[in-house]
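J.: Just so you know, the sequences run in chain order A and B. Residue numbers for the first sequence follow my numbering, beginning at 57 and rising by one. Residue numbers for the second sequence follow my numbering, beginning at 57 and rising by one.
Careful: at least some of the hints might be erroneous.
Any copy will do: because identical chains look the same in the list, a pair fits if it lies in one copy or spans two.
As the list claims (entries may be wrong) - Below, computed lysine to aspartate or glutamate pairings styled on DMTMM-like, alpha-carbon distance capped at 25 angstroms:
| id | residue 1 | residue 2 |
| --- | --- | --- |
| 1 | K258 | E118 |
| 2 | K201 | D367 |
| 3 | K239 | E288 |
| 4 | K291 | D336 |
It should be emphasised that the hints constitute simulated quantities derived from the structure, not laboratory data.
Each chain, written out:
Protein chains: 2
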Amino acid sequence: MNNLGKNKKLLLAKYPNGLAELDDFISEEVEVPNIVDNELLIQSHYVGVDAALRLIVRDSDEFLFRVQPGDIIHANIAGEVIASNNKDFEVGDFVTGALGVQSLSISNGEGLEKCDPSLSPLGSWLGGFGVSGLTAYFALFDECKPQPGETVLVTGAAGAVGSMAGQFAKLAGAKVIGTTSSKEKCDWLVNELGYDVAINYKDENWYEQLEAAAPDRLNIIFDNTGGSVMNESLKLIAMHGVVLLCGSTSQYYQDEMSGPSNYIWLGSMRARLQGFVIFDYAERYAEARKKISQWIDNGSLKLPEFVCDGDIEDFPSAFKKLFEGKNFGKMLLKLPAAK
Amino acid sequence: MNNLGKNKKLLLAKYPNGLAELDDFISEEVEVPNIVDNELLIQSHYVGVDAALRLIVRDSDEFLFRVQPGDIIHANIAGEVIASNNKDFEVGDFVTGALGVQSLSISNGEGLEKCDPSLSPLGSWLGGFGVSGLTAYFALFDECKPQPGETVLVTGAAGAVGSMAGQFAKLAGAKVIGTTSSKEKCDWLVNELGYDVAINYKDENWYEQLEAAAPDRLNIIFDNTGGSVMNESLKLIAMHGVVLLCGSTSQYYQDEMSGPSNYIWLGSMRARLQGFVIFDYAERYAEARKKISQWIDNGSLKLPEFVCDGDIEDFPSAFKKLFEGKNFGKMLLKLPAAK
Chain A
57 MNNLGKNKKL LLAKYPNGLA ELDDFISEEV EVPNIVDNEL LIQSHYVGVD AALRLIVRDS
117 DEFLFRVQPG DIIHANIAGE VIASNNKDFE VGDFVTGALG VQSLSISNGE GLEKCDPSLS
177 PLGSWLGGFG VSGLTAYFAL FDECKPQPGE TVLVTGAAGA VGSMAGQFAK LAGAKVIGTT
237 SSKEKCDWLV NELGYDVAIN YKDENWYEQL EAAAPDRLNI IFDNTGGSVM NESLKLIAMH
297 GVVLLCGSTS QYYQDEMSGP SNYIWLGSMR ARLQGFVIFD YAERYAEARK KISQWIDNGS
357 LKLPEFVCDG DIEDFPSAFK KLFEGKNFGK MLLKLPAAK
Chain B
57 MNNLGKNKKL LLAKYPNGLA ELDDFISEEV EVPNIVDNEL LIQSHYVGVD AALRLIVRDS
117 DEFLFRVQPG DIIHANIAGE VIASNNKDFE VGDFVTGALG VQSLSISNGE GLEKCDPSLS
177 PLGSWLGGFG VSGLTAYFAL FDECKPQPGE TVLVTGAAGA VGSMAGQFAK LAGAKVIGTT
237 SSKEKCDWLV NELGYDVAIN YKDENWYEQL EAAAPDRLNI IFDNTGGSVM NESLKLIAMH
297 GVVLLCGSTS QYYQDEMSGP SNYIWLGSMR ARLQGFVIFD YAERYAEARK KISQWIDNGS
357 LKLPEFVCDG DIEDFPSAFK KLFEGKNFGK MLLKLPAAK
């Protein structure tokens, strides 16, 4: 036994029905075993609150990766190494990894990434300087390849990835339109992040607003939401356009997911719906972070974060807020251990 | 006035409801005006019976190209020049073009393509040697790029394009699976066209058959049908796979088209749904036809045709048969003028 106290961890209590509710989760405290050879112990500082979790906790055997009742809730965390029998990690190192929603994690180092908080604050390594920003960077620049003067639509524009993708598209010289769920977030997208146009998809005439904002049609649809916003937008796809399939947050919690019935527009427009997974670009993260750092330094890029202070048991309410659209940028749960 | 007799033409009587019925069309006979400078007169020999017509006659203003009640029915025809005031065409030339369902057409030559029946019989210039075969050729080789040993699924495999796409995929060394609507067509695909596996999608266990036939998943889905067959198949798409969007025949006649709800599989598999239009390849038709001729000559390719003898007023019943799945390969209406 060690003297670190107990590990708080969050488990799936039952499969959610629709939007996840607080009682779909259950927290517990367990003893932390001593680390053995090659292992290290990590104290969590930040937990990334990601919409994709809702897909992973579906009561469905269709997807390869899933969390079932009794399993720990999947999440990326950023934390500090507080004990190590692993030659690659020292006490005091900062790391990120998919260690789940818990305060203390034991790891053999596999899949962990070291973070240098002097490059960017620790929490941002889960957000704009981490998987969210890197996703936006490679999905946009390598898969969509925006050109100056082109028109880019970002759905879920105020989200973790969308808030980065829109800024990157502006840096590429594109006209950038975003859809989001409130007037307040629309104002934020335009005033803080430099979106050219932001549209509240809850407005009855949102599609007419989009049509008016895109007289030359949409060269790129950077889609984080799926659902009717993506589907209607397909009618405006430009010749040889790209619909980048980054996420489908509007569908993850539906009993029956719905597909984009307007997909036949892709045909006549020689366009494509492109899947993407960030891990394929793992060897180029450093290159992207160098660019991101330069843009931050010269004031042309922000790393939007929406930080919820709390402990492990506060994760469910943060997750609920995410699907209520409360966040401006990356949602992070900041644990007591974080400075 | 000339002494050619009258032109029989087929018009849309009213927008079809569901599958098109015979009385959605109406034929009429009109005088043929004399051709003026630069014009030529074409006698139709073959009419291509194409599923895409059902999309064009939808009661919807969503699509740019449409046929409305009172308009001539859109179709590609192959015929003979019987009078010409155009220096580029002589009497006796054979041509194809989108001249509509009528026995005599006046044209200024624009959009017409000359056919050499010594290269391939005239009817085939609408089918395997024409737009259907060229579509299969460029969509498969240029957009999907099948590699030896890969697995290719062709939906609507016995159709005009599908029957060519499957043969091309075999020539590329792929394992080829086709879906179609009857046991008889399954046998034909395997025995006549060399498909490795053919599946009747009306079988209750068709998906299990597909899963069993594709243990290494599907590198290419060459989709002619859309609907549930395409949607279910998406669950088997391989890493970096391509879903080539060639047609959506199952959707053209639906009041509400449905989209592929399994599209999110494209995400995790880094796959893409790719739109395609044959006209982009117009400058390379000769190159493709040279290859096609070589394969025909060495016995490794067939140009499957399903010929209905009849006159202009028989087009509606041929079109109905098409959606009933009666055709093996390209459906052609062979008019009395054809030898």
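J.: So, for every hint listed, does it hold in this structure?
T.: Hints, verified against the model:
1. In this assembly of identical chains, the alpha carbons of K258 and E118 lie at most 25 angstroms apart only when taken from different copies (23 angstroms versus 31 angstroms within one copy).
2. Taking the shortest alpha-carbon separations for K201 and D367, neither the intra-copy value of 40 angstroms nor the inter-copy value of 52 angstroms comes in at or below 25 angstroms.
3. When the C-alpha separation of K239 and E288 is checked against a cutoff of 25 angstroms, the pair qualifies only within one copy, where the shortest distance is 20 angstroms, while the shortest distance between copies is 39 angstroms.
4. In the homo-oligomer, the alpha carbons of K291 and D336 lie at most 25 angstroms apart only across protomers (20 angstroms), although the nearest pairing inside one protomer, at 30 angstroms, exceeds that limit.
Of the numbered hints given earlier, the model fails hint 2 alone.
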